Amino acid sequence: MMSWLASPRTGGFAALLAVIAALPLVLSNNYFYEVAILVGLNAIVCVGLNLLIGYAGQISLGHVGFFGLGAYGSAILSARYDWPPLAALAVATIAVALLAYVIGRPILRLRGHYLAMATLGVGVIVSIVAATEDRWTGGPDGMPVPPFKLFGGTLSGEGAWYCVVGFLLVVTVWLSLNLIESPTGRALRALSGSEVAAEVSGIDSARHKVLVFVISAVFASVAGSLFAHYSGFITPSKLTFLHSIELVTMVVFGGVASTYGAVVGAAVLTTLPQLLTVFKDYEMVALGAIMMGTMIFMPKGLVPSLQAWAGGSRVRKGIP
Amino acid sequence: MSAQLAQYLLSGVTIGAIYALVALGFSIIFNASHVINFAQGEFVMIGGMTTVSLTGTGLPVPAAMAAAVLVAALVGLALEKFAVEPARGAPVVTLIIITIGASILLRGLATLVWDKKLHTIAPFSGSTPIEIAGAALLPQSLWVLGVTLAIVLALSWFFGHTLLGKAMVATSNQRVAAQLVGINVRRVLLISFGLSGALGAVAGILITPITLTAWDVGIMLGLKGFAAAVLGGLGSGPGAVLGGLVLGIAETLSAGYLSSAYKDVIAFVLMLAVLFFKPTGILGSRAAERV
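Chains U and X, in that order, are what the protein sequence lines are. Each position in the first sequence, counted from 1, maps to that position plus 1350 in my numbering. Each position in the second sequence, counted from 1, maps to that position plus 239 in my numbering.
Hints were generated in silico from the structure; no laboratory data involved. Since the structure is predicted, the reported quantities are computational estimates derived from the model, not experimental observations. Mixed in with the good hints, there may be bad ones.
What the simulated footprint calls covered on chain X by chain U, stretch by stretch (three residues with Cβ under 8 Å from a Cβ of chain U suffice, anywhere in the stretch; the number is not a length) [what the hints assert, rightly or not]: (1) 294-306; (2) 438-450; (3) 505-512.
With the C-beta cut set under 10 Å, the calculated list includes, among others, these residues of chain X facing chain U [claimed, not checked]: (4) 336; (5) 339; (6) 340; (7) 396; (8) 399; (9) 401; (10) 404.
Estimated spans, in silico, between C-beta atoms of each pair [unchecked claim]: (11) 1461/U / 328/X: 17 to 23 Å; (12) 1582/U / 297/X: 36 to 42 Å; (13) 416/X / 1385/U: 23 to 29 Å; (14) 242/X / 1554/U: 52 to 58 Å; (15) 328/X / 1627/U: 51 to 57 Å; (16) 419/X / 1536/U: 35 to 41 Å.
Even glycine gets a Cβ: it sits at the ideal position worked out from N, Cα and C.
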């Protein structure tokens, strides 16, 4: 029984479902719902980013670029061309997947942190293009986005959005956990052990890394599309380098290579600035200090450290 | 050569020299540790802002500049000592995230210590332009080019002819071997952060009379200096200088002839192109390991 609860595939998953189901009981007004929805969207991005950082050992310093492409893709197709939002989302996602593939394929063949540089470049380019091409994007002022339509009905109201985002987060976590347990996940774990040994035993490391990179970009793009429809407005100020860094911080704070860590990291670091609006001036200092402190004193991140502390023996024996 | 083209080239070389100084800072730390120090841009900001605030207190300008370089070098040393050193042995990704955290922390501190306004200092030798081939050259540009040249020469002497410099080169080539012959690689790492801090501050002081300074100038200057370092070949000194100059000229030419709105994109497009077609950069010596 205990082992069933402790296994991430079942126990953690049950906890996540319970939290998502129980949260509406304490969300007493629309503002709380709004924060919860933002947490959910960030968590979706972070679960994908965690696959990349934790399992492929690569960082993306421009994940907000993929988020932004999804958001603007949905916004432009649905607002300027009257596409159904679901079709717009699908096309934007496919385009982002292709882009990630085109970037990842040559660059992930190289050992080292070239992906960090390339994604950084892509992120900055996306945000500058979004601010400049005002005929398409509305420029720095941004553009309105029509509401999301699903099965003939319009998705509106905080409660409905909460359900959709919560459902998607569950799906994302489920996909991520399955990927980690799949041959690809095992291959990636072998790579982080010893890349040379893994290659010798026949693992095509570049192919697996590219797959994970594409998946992480797709999660970000879907979250971006939904964010655009949910907030009804999108501006390039959402797409700064700092936001990409915030996403990386969420992942490393929650715990690298821990899917629930990514969710917890997104939840804590999305809620914290909302709670600390009084200390707005200190937001950057706090964010920087959290990043440095986590990496120096708790390099495994919050969730894995808590797990080690709570059920020491299990982790120490090395059974994940 | 048309006067317009000459003008673009002159401004391109000037800003390119600044990118080169920032890129050199990236390369020095990368060589010592394989860490990409994303706080490099903040050294530039600290150099400019410290000079502004010290001259504001009535300190003579040269003394304020020297103090600013010292402050940035100390921040670099502190960054290594209190953030990178404690995480010794951690994966490079961890160290990179630490430097990103440091850059945000420093930027946040700058808004608290100073403010969020734009600041400037007077050009070192007035602002009467000198005419060259029909183009106007600001005296400050000569300062930028002269000081950059002097620094590049001093660095090549340092790395080629001093014991410490040679120790740093040895560490970057083969860390374990360097340790075996008795080089204190931890001290090399510390010194490389201090040196990079000083270089960044010099760039920040030189450029302030031309482009102004503020708490957030480090973001773009840092990212572009990084692009310049990748362009020339991360870890290569001559590559950093060449990458900076190529980037500066490409930027002003494209702003002049193509679109000024996309001036800031050039750096990143060039960087992506280099990563796709020649990931070692123009002058990168070490072949990127193909997996």
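Against the structure, the hints come out as follows:
A stretch counts as covered by a chain when three or more of its residues have a beta carbon under 8 Å from one of that chain; for the segment 294-306 of chain X and chain U the count is 0, and the coverage is violated. With 0 residues bearing a CB less than 8 Å from a CB of chain U, the segment 438-450 of chain X misses the requirement of three and the coverage assertion fails. Coverage of the segment 505-512 of chain X by chain U holds in this model, with 4 residues showing a Cβ closer than 8 Å to a Cβ of that chain against a need of three. With a cut of 10 Å, the hint placing residue 336/X at the interface with chain U holds, because the nearest CB-to-CB distance is about 5 Å.
Satisfaction of the interface hint for residue 339/X is found here, the shortest Cβ-Cβ separation to chain U being roughly 6 Å, below the 10 Å cut-off. The interface hint given for residue 340/X holds, since its Cβ lies 3 Å from the closest Cβ of chain U, which is under the 10 Å cut-off. Using the Cβ-Cβ criterion of 10 Å, the hint placing residue 396/X at the interface with chain U is not satisfied: the shortest such distance is roughly 30 Å. Restraint check, residue 399/X versus chain U: the minimum CB separation of about 27 Å is more than 10 Å; hint violated.
For residue 401/X, the interface hint is violated, since its Cβ never comes within 10 Å of a Cβ in chain U; the closest pair sits about 29 Å apart. The criterion of a C-beta within 10 Å of any C-beta in chain U is not met by residue 404/X, whose closest approach is roughly 25 Å, and the hint is violated. Judged by the Cβ atoms, the range 17 to 23 Å given for residue 1461/U and residue 328/X holds: they are separated by roughly 19 Å. Taken as a hint, the range 36 to 42 Å is violated for the pair residue 1582/U and residue 297/X, whose Cβ atoms sit roughly 53 Å apart.
In this structure the supplied range 23 to 29 Å is violated for residue 416/X paired with residue 1385/U, their Cβ-Cβ distance being about 54 Å. Separation of residue 242/X from residue 1554/U is about 56 Å and conforms to the stated range, judged on CB atoms against 52 to 58 Å. A C-beta distance of roughly 39 Å is found between residue 328/X and residue 1627/U, which places it outside the suggested range of 51 to 57 Å. At roughly 37 Å, the beta carbons of residue 419/X and residue 1536/U sit within the given window of 35 to 41 Å.
Going through the hint list in order, the structure does not satisfy hints 1, 2, 7, 8, 9, 10, 12, 13, 15.
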